[in-house]
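Number of protein chains: 2
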Amino acid sequence: MKIGLDVMGGDFAPDATIDGAILAREALDAQDEIVLIGQTEVIKTYLEKINVSADSFAIVNAEEIIGMAEKPLKALTNKPDSSISSGFRLLKSRQIQGFCSAGNSGAMVVGAMYSVGTIAGVIRPTTIAHIPQENGAESIILDIGTNPDTKADVLYQFALLGSIYCQEILKIKNPRVGLLNIGAEEGKGNLLCQSAYLMMKDTTDFNFTGNVESRDLFKGKVDVVVCDGFTGNIVLKQIEAMYRLLQKRKLTDDYINRFNYENYGGSPVLGANGNVVIGHGISSAIAIKNMIVLTRQIYCGKVTNKIRRALHNFSH
Amino acid sequence: MKIGLDVMGGDFAPDATIDGAILAREALDAQDEIVLIGQTEVIKTYLEKINVSADSFAIVNAEEIIGMAEKPLKALTNKPDSSISSGFRLLKSRQIQGFCSAGNSGAMVVGAMYSVGTIAGVIRPTTIAHIPQENGAESIILDIGTNPDTKADVLYQFALLGSIYCQEILKIKNPRVGLLNIGAEEGKGNLLCQSAYLMMKDTTDFNFTGNVESRDLFKGKVDVVVCDGFTGNIVLKQIEAMYRLLQKRKLTDDYINRFNYENYGGSPVLGANGNVVIGHGISSAIAIKNMIVLTRQIYCGKVTNKIRRALHNFSH
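Chains as they are written, first to last, in my numbering: chain D, 1 to 316; chain Z, 1 to 316.
So that you can see chain D by itself, here it is in the shape it has in the complex:
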């Protein structure tokens, strides 16, 4: 497998991205290749500085950089030679089988939609995050910000996409899906949740177990937490706030340490018709390494194929 890495993306690029690629090399198989996409001069200079042979990697030159705060569509249009635009061209032409970046996440989602597109039947591609559970398990939450406004049918599809991710990547059989809500009983919540509940309650497309409240987010009650991207982003950044606060106050243990974002490579763009992974903007080398490894897992788990098949059988 050839994995494209946006070397220029992320707050600590290109040092952290190249260091991450070097770490990832050891975690990958010998036949896997990491394709460094970015300014060749910058890449070679850094590799030379740290005494790593440029031969360990394929390098594809891309002169432009899309900044973290740029408007996605405008940036992609105006910067065809950016590392993100180049990555998606390589992905579309199958020169790479996966593409990952810790850069502008909006540009990554829009770039995916405009290059490889979405899987037939996908209403909105989505992004996820892991939530460590007290019982040692991992749950996921989606959407985490890609879709701040969603309708009930989109939430329904998120449940399906999240279930497939859980099965294929976290190896959870028949994952339990909970609708994030402000009460446990049917009929609770805002209008969106009320209608999503009605759609989900008798489904056979996934294993719906009812509403889940945020007070139960860490209790291992469900494997997939479904919500609109506004709510998911609020939840996720509040977890970050609490983690940072506890680190600062030295109130930590093995469980709290699992909230360190570095452990997770980022999020696949679920529903994209290709293997696309978005890392956290503040990614360190370890986070970049895990992002590359996750890209390989998405590829090996055939997540895209499985979503395609599931949507083909979609009862809604």
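Rather than coming from a laboratory, the hints here were simulated on the basis of the structure.
Treat the hints loosely; a few may be bogus.
As the list makes no split between identical chains, a pair holds if one copy fits it or if it spans any two.
Computed list of lysine to any residue pairs in SDA-like fashion (alpha-carbon distance at most 25 Å, straight line) [stated by the list, open to error]:
| # | residue 1 | residue 2 |
| --- | --- | --- |
| 1 | Lys306 | Pro80 |
| 2 | Lys92 | Asp216 |
| 3 | Lys151 | Gly183 |
| 4 | Lys79 | Lys302 |
| 5 | Lys219 | Gln247 |
Let chain D serve as the given structure and place chain Z on it in line with the hints.
Positioned in the frame of chain D, the structure of chain Z alone reads:
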């Protein structure tokens, strides 16, 4: 001041409510009176058991009890002799100047609207919670669940109501108002936040300082966090989850201890045309005491009058 207490409301009623009333007696002035509303027999039996004279309190008999899970409007209609219905009758007829309960919070909001009503100009009454800040300060967040679906003009009004609470109860001058959002810049967020931002950005009705992300919830950046009731409830219960988790793991310090809900008496129903306070369902005696004290603070701070005046001058 006469403060009505729903003795039958809350998971640990009537023991916790009566114990709380006894604690509150010491915190109030000599001329203040607590009116215990509930089953006289139950109240007298408990007071006798703990050797406290029934003369310390006024007692108003109310035979019925509204359960925590009952539908508010139906329960209030079918149980006119419930402690909550009785409390609101006393409040409306000015036999008490404030009414508080740790019982069915929906019934408390609906009861307030159907008895004392809302202050002229209030679109939706709202409830708040405190968020302890790392710098020692307190912020508030509203709405916390009373209004799961809101429009932008309602968020605008929440900002105003929250500002008045902050000024009068937390004694913060010119409180900074932040709109809870998933990005810092204008234009970020869901459609609700985008339009609320446009309404707020040039206001002179309150001190709007822009968007605030949930990663900054504890950093003392704003005094009033405004959001819809769905989001606010999710945030609040996630704080509860984290607090409970840290207690369990014995990861705690003076700051973390401030998240103990017992420290806060609950929430006033801001916008109601009377002094109404709702406590947490799991209220202990200490929480009940603080709920009674908060009811007095709302009365003494003339919060209702100040909201009335502010809405009279309302520019929107």
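The hints, checked one at a time:
In this homomeric assembly, Lys306 and Pro80 never come within 25 Å of each other (Cα to Cα): the closest approach is 31 Å inside a single copy and 57 Å across copies. Proximity of Lys92 and Asp216 under a CA criterion of 25 Å is satisfied in neither setting, with 41 Å inside one chain copy and 39 Å between copies. Both within a single protomer and between protomers do Lys151 and Gly183 lie at most 25 Å apart by alpha-carbon distance, with minima of 19 Å and 21 Å respectively. Within a single copy, Lys79 and Lys302 get their C-alpha atoms no closer than 31 Å, and across copies no closer than 59 Å, so neither meets the 25 Å cut-off.
Taking identical chains as interchangeable, the C-alpha atoms of Lys219 and Gln247 lie at most 25 Å apart whether they share a chain (21 Å) or sit on different chains (14 Å).
Figure legend: structure checked against the earlier numbered hints; hints not met, in rising order: 1, 2 and 4.
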